[in-house]
Amino acid sequence: MSDALGLSVGATNLVAAGVGRPPVLRRSVLTVYGHTAPEVGLPAGRGDGVTLGGFVERVGDPVPLVGQDGSRYPAEQLVVEALEAMAALAGSASPSDVVIAVPSYWGPGQVDALREALTASGPLAPGGPPPRLIP
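Numbering of the sequence shown is given in this note's numbering, commencing with residue 350 and proceeding in unit increments.
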(Lines of atoms letter the chains of each structure in order from A; the text may use other names.)
(Lines give C-alpha, C1' and ligand atoms only; values in the text may rest on other atoms or scores of the structure.)
Protein backbone atom coordinates (compact mmCIF):
# COMPACT_ATOMS: atom_id res chain seq x y z
CA MET A 350 0.00 0.00 0.00
CA SER A 351 1.22 3.49 -0.84
CA ASP A 352 2.18 5.88 1.93
CA ALA A 353 1.33 8.98 -0.11
CA LEU A 354 0.12 12.13 1.60
CA GLY A 355 -1.81 15.09 0.24
CA LEU A 356 -1.71 18.38 2.11
CA SER A 357 -3.63 21.58 1.44
CA VAL A 358 -2.60 25.02 2.70
CA GLY A 359 -5.29 27.66 3.10
CA ALA A 360 -5.54 30.94 4.96
CA THR A 361 -8.37 29.50 7.08
CA ASN A 362 -7.74 25.74 7.16
CA LEU A 363 -5.07 23.11 6.63
CA VAL A 364 -6.01 19.63 5.40
CA ALA A 365 -4.10 16.33 5.34
CA ALA A 366 -5.29 13.22 3.52
CA GLY A 367 -3.46 9.91 3.44
CA VAL A 368 -4.27 6.72 1.59
CA GLY A 369 -6.85 4.66 3.48
CA ARG A 370 -7.20 7.16 6.33
CA PRO A 371 -9.83 9.81 7.04
CA PRO A 372 -8.79 13.38 6.20
CA VAL A 373 -7.70 15.73 8.98
CA LEU A 374 -8.86 19.37 9.01
CA ARG A 375 -7.45 22.04 11.33
CA ARG A 376 -7.49 25.84 11.49
CA SER A 377 -4.38 27.56 10.11
CA VAL A 378 -3.12 28.38 13.60
CA LEU A 379 0.07 27.06 15.18
CA THR A 380 1.02 26.99 18.86
CA VAL A 381 4.78 26.79 19.39
CA TYR A 382 6.17 25.43 22.66
CA GLY A 383 9.74 25.58 23.91
CA HIS A 384 9.64 22.04 25.28
CA THR A 385 7.58 19.98 22.84
CA ALA A 386 6.42 19.78 19.23
CA PRO A 387 4.12 22.54 17.96
CA GLU A 388 0.37 21.96 17.78
CA VAL A 389 -1.73 22.87 14.77
CA GLY A 390 -5.29 24.13 15.05
CA LEU A 391 -7.04 26.16 17.68
CA PRO A 392 -5.06 26.07 20.94
CA ALA A 393 -6.13 23.58 23.58
CA GLY A 394 -5.87 26.21 26.30
CA ARG A 395 -2.60 25.03 27.83
CA GLY A 396 -1.39 28.62 28.00
CA ASP A 397 2.35 27.89 27.94
CA GLY A 398 2.90 28.30 24.19
CA VAL A 399 3.03 31.07 21.62
CA THR A 400 -0.02 30.94 19.33
CA LEU A 401 0.37 32.36 15.83
CA GLY A 402 -2.03 32.80 12.94
CA GLY A 403 -1.91 34.67 9.66
CA PHE A 404 1.30 32.96 8.57
CA VAL A 405 -0.14 31.52 5.33
CA GLU A 406 -0.72 35.02 3.95
CA ARG A 407 2.80 36.10 4.97
CA VAL A 408 4.86 33.40 3.23
CA GLY A 409 7.68 35.09 1.30
CA ASP A 410 7.54 38.24 3.43
CA PRO A 411 11.06 39.05 4.71
CA VAL A 412 9.58 40.48 7.92
CA PRO A 413 8.97 37.64 10.41
CA LEU A 414 5.86 37.23 12.52
CA VAL A 415 6.38 38.27 16.14
CA GLY A 416 4.84 36.24 18.96
CA GLN A 417 3.35 37.75 22.10
CA ASP A 418 6.60 36.88 23.89
CA GLY A 419 8.72 38.78 21.33
CA SER A 420 9.98 35.67 19.53
CA ARG A 421 10.30 35.97 15.74
CA TYR A 422 9.17 33.38 13.19
CA PRO A 423 9.55 33.37 9.39
CA ALA A 424 6.09 32.66 7.96
CA GLU A 425 7.25 29.88 5.64
CA GLN A 426 8.87 28.04 8.57
CA LEU A 427 5.58 28.19 10.46
CA VAL A 428 3.80 26.70 7.43
CA VAL A 429 6.35 23.86 7.32
CA GLU A 430 5.92 23.16 11.04
CA ALA A 431 2.14 23.21 10.65
CA LEU A 432 2.33 20.79 7.70
CA GLU A 433 4.62 18.46 9.66
CA ALA A 434 2.10 18.47 12.52
CA MET A 435 -0.72 17.77 10.04
CA ALA A 436 1.22 14.84 8.57
CA ALA A 437 1.63 13.37 12.05
CA LEU A 438 -2.08 13.82 12.82
CA ALA A 439 -2.94 12.05 9.56
CA GLY A 440 -0.76 9.10 10.56
CA SER A 441 1.94 9.83 7.98
CA ALA A 442 4.95 10.99 9.98
CA SER A 443 7.34 9.98 7.13
CA PRO A 444 5.33 9.61 3.91
CA SER A 445 6.98 8.26 0.76
CA ASP A 446 5.32 10.79 -1.55
CA VAL A 447 3.97 14.22 -0.62
CA VAL A 448 1.97 16.71 -2.69
CA ILE A 449 1.00 20.09 -1.26
CA ALA A 450 -1.74 22.32 -2.67
CA VAL A 451 -0.91 25.97 -2.00
CA PRO A 452 -3.21 29.00 -2.28
CA SER A 453 -3.98 29.99 -5.87
CA TYR A 454 -3.27 33.65 -5.10
CA TRP A 455 0.36 32.91 -4.18
CA GLY A 456 2.91 34.19 -6.66
CA PRO A 457 6.16 32.47 -7.68
CA GLY A 458 8.07 34.14 -4.83
CA GLN A 459 5.77 32.66 -2.20
CA VAL A 460 5.88 29.20 -3.78
CA ASP A 461 9.69 29.37 -3.96
CA ALA A 462 9.93 30.51 -0.32
CA LEU A 463 7.87 27.52 0.85
CA ARG A 464 9.79 25.13 -1.41
CA GLU A 465 13.08 26.37 0.07
CA ALA A 466 11.79 26.00 3.65
CA LEU A 467 10.59 22.47 2.88
CA THR A 468 14.10 21.32 1.89
CA ALA A 469 14.98 21.23 5.60
CA SER A 470 11.89 19.21 6.57
CA GLY A 471 12.85 15.73 7.69
CA PRO A 472 9.28 14.39 7.86
CA LEU A 473 8.10 15.87 4.55
CA ALA A 474 11.31 15.52 2.52
CA PRO A 475 13.25 12.68 4.16
CA GLY A 476 16.63 12.80 2.43
CA GLY A 477 15.16 13.74 -0.90
CA PRO A 478 13.72 16.58 -2.90
CA PRO A 479 11.03 18.77 -1.35
CA PRO A 480 7.38 17.81 -1.93
CA ARG A 481 5.60 18.84 -5.11
CA LEU A 482 3.72 22.11 -4.77
CA ILE A 483 0.48 22.60 -6.70
CA PRO A 484 -0.98 26.14 -6.99
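Honestly, the hints are just simulated from the structure, not real lab data. Since this is a predicted model, take the numbers as computed values, not measurements. All C-beta atoms, glycine included, are put in the ideal place defined by N, C-alpha and C. Just to be clear, a hint being listed does not mean it is correct.
Label pairs and their calculated CB-CB ranges [stated by the list, open to error]:
1) 412 <-> 445: 32 to 38 Å
2) 384 <-> 443: 22 to 28 Å
3) 411 <-> 369: 22 to 28 Å
4) 415 <-> 471: 24 to 30 Å
5) 474 <-> 410: 31 to 37 Å
6) 452 <-> 415: 19 to 25 Å
7) 362 <-> 440: 25 to 31 Å
8) 352 <-> 394: 32 to 38 Å
9) 353 <-> 452: 34 to 40 Å
10) 361 <-> 474: 34 to 40 Å
11) 382 <-> 403: 17 to 23 Å
12) 369 <-> 418: 37 to 43 Å
13) 384 <-> 471: 16 to 22 Å
Now the hints, each set against the structure:
no., hint, verdict
1, 412 <-> 445: 32 to 38 Å, "holds, 36 Å"
2, 384 <-> 443: 22 to 28 Å, "holds, 23 Å"
3, 411 <-> 369: 22 to 28 Å, "violated, 41 Å"
4, 415 <-> 471: 24 to 30 Å, "holds, 26 Å"
5, 474 <-> 410: 31 to 37 Å, "violated, 23 Å"
6, 452 <-> 415: 19 to 25 Å, "holds, 23 Å"
7, 362 <-> 440: 25 to 31 Å, "violated, 19 Å"
8, 352 <-> 394: 32 to 38 Å, "holds, 33 Å"
9, 353 <-> 452: 34 to 40 Å, "violated, 22 Å"
10, 361 <-> 474: 34 to 40 Å, "violated, 26 Å"
11, 382 <-> 403: 17 to 23 Å, "holds, 19 Å"
12, 369 <-> 418: 37 to 43 Å, "holds, 40 Å"
13, 384 <-> 471: 16 to 22 Å, "holds, 19 Å"
The structure fails hints 3, 5, 7, 9 and 10 (numbered hints given earlier, in ascending order).
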